[in-house]
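Start from the sequences and build out the full structure, keeping to the hints where you can.
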Amino acid sequence: MDAFSIGTYLWTTFGAFLTLCIFSFLYRDNPFYKFAEHLVVGVSAGYFVIILWHNGLQPNLFNRLNDGDFYLLWLNSARPWYLIPGILGVMMWTRFSRKKSWISRYPIAMYMGIAAGIAVPLEMKNRVNVQLYSAMKNVEWNNFFGTGILDSGSAVAQLIILIGTLSALFYFFFSKEHSGLFKGVARFGIWILMIGFGASFGYTVMGRISLFVQRIQYVGNWTETSWAHPSVLVIWFLIVGVFALLLLLEFIKFLTKRRTAAS
Amino acid sequence: MKRQLPLFLVLIFGLFGIVQYFIPHEKSEWMYEFLLDWIYIIGIFALALGIWSLMRVSWDKIKHKRQNWQYSIVTLTGLFAMIFFGFNYFRDFFNSAGLQNYMFRAFFDHIMIPIQATMFSLLAFFIASAAYRAFRARSLLATLLLISALIIMLRFNPYLGFIGDYMERTALWLLNVPNLAAKRAIIIGVGLGMVATSLKVILGIERAYLGKD
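So the sequence lines, in the order shown, correspond to chains A and B.
Read in this note's numbering, the first sequence has 140 at position 140, and its numbers run on one by one without any break.
Read in this note's numbering, the second sequence has 1077 at position 77, and its numbers run on one by one without any break.
Note that these hints are calculated values from the structure, not bench results.
These figures come from a predicted structure and were not determined experimentally.
Quick reminder that beta carbons are idealized off the backbone N, C-alpha and C, glycines included.
Just to be clear, a hint being listed does not mean it is correct.
[Stated by the list, open to error] Derived list of chain B stretches under chain A, where covered just means 3 residues or more per stretch with a C-beta under 8 Å from a C-beta of chain A: (1) 1032-1040; (2) 1081-1090.
[As the list claims (entries may be wrong)] Cβ-to-Cβ under 7 Å is the rule here; a few derived chain B residues that face chain A: (3) Val1010; (4) Phe1013; (5) Phe1045; (6) Ile1111; (7) Thr1118; (8) Ile1127; (9) Asn1179; (10) Ala1185; (11) Ile1188; (12) Gly1189; (13) Gly1191; (14) Met1194; (15) Tyr1209; (16) Leu1210.
[As the list claims (entries may be wrong)] Quick look at which bits of chain A chain B covers, simulated, 3 or more residues with Cβ under 8 Å: (17) 7-18; (18) 42-56; (19) 92-104; (20) 195-208.
Here it is as structure tokens:
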């Protein structure tokens, strides 16, 4: 067993508590779930602020201007042109003002222009051309059936992939009416799509279930650690004792109130 | 002018983005890298808008004591604590020491990861109830969906005996053949859609991102 540290144990306890808070949503929405949900929103936002500052702005902006002088607004830097994206970034903040928000259109326009321009050749290459190339590679006719009907590398499988891809694409082609032969092709396309969606669904479910098992193991490990260390158990018995006492007091108060109301 | 000039900038930068891909020269590559840095930096500054919005909404809730306002305190506490520790108690703004801060890492390891992982694992239950409704074999298409999903889900089941081997091979075939064909068609469709949308943006047909006057 790893060396026991009370700091790590307390953090793990908090992690286990938050895990149970989230699982409590299976019963219904409740204050414990809301607490964990709001906490993760704040912590995640803070995390991304820090990550983007240290791994984004720092290397890409500040480190490139740090040979310049702050009092000269970094204009004496060797790469003063990196001030431009900084200024454009600050211009984005005019979004906060209703009257001046039009200024933010310039950085947004540049962002959209660059992103859209770069996307055209890259999307054509990475999504369309590469996929079409892979779909149209030579069919291995000499390995027609492969090692059996379930061999994914056989020529039959390659043909099913090619015909399936074209049919599924055809299903989304609405410029021609789906009738006659085209109806049959589109029908085969939707079958292929449904089998694909089913497989993706099954895969996702299995992924979620393994995540669920991992969370249960996390809580299980925490429980084991709690039992293995008597000092921790004393703390837990104290906490549970105080909690039970509070519940008992509430129950007595409730009974007294009901008796008073009845009399 | 408040709209025309931004649209002109979109056109110029968009055309440059397309043309530079076909110019195999180091100056073109340098410009490409520089513009990539631009959009990365502008994007990070835009994050501040989101953080400000989160703070304002949470603060308004607390100030006017709206329903569940107490939880907004939790959100803001989490946000500020993470920023405080991430900058190493506001000591290290311009070096990455904050990323190694004990509390920053503890918040990540023992708050963010457990909650996010549990939220995703929770979907196992909701996805199961959704499957019950979606997978009733009422038509051929629903049956195909059901059979395909069942084979994928049951393939690791240790109680299937000798059928398990066939199940696993069938699952692999389903993933590598019809699933690949479907995915490939979807990826090609998405790629063509992205190109079409990008061209609409560059040519000024799509201009919703500029907002209203």
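Practice problem: Hints the structure violates: just list their numbers, smallest first. | Solution: none
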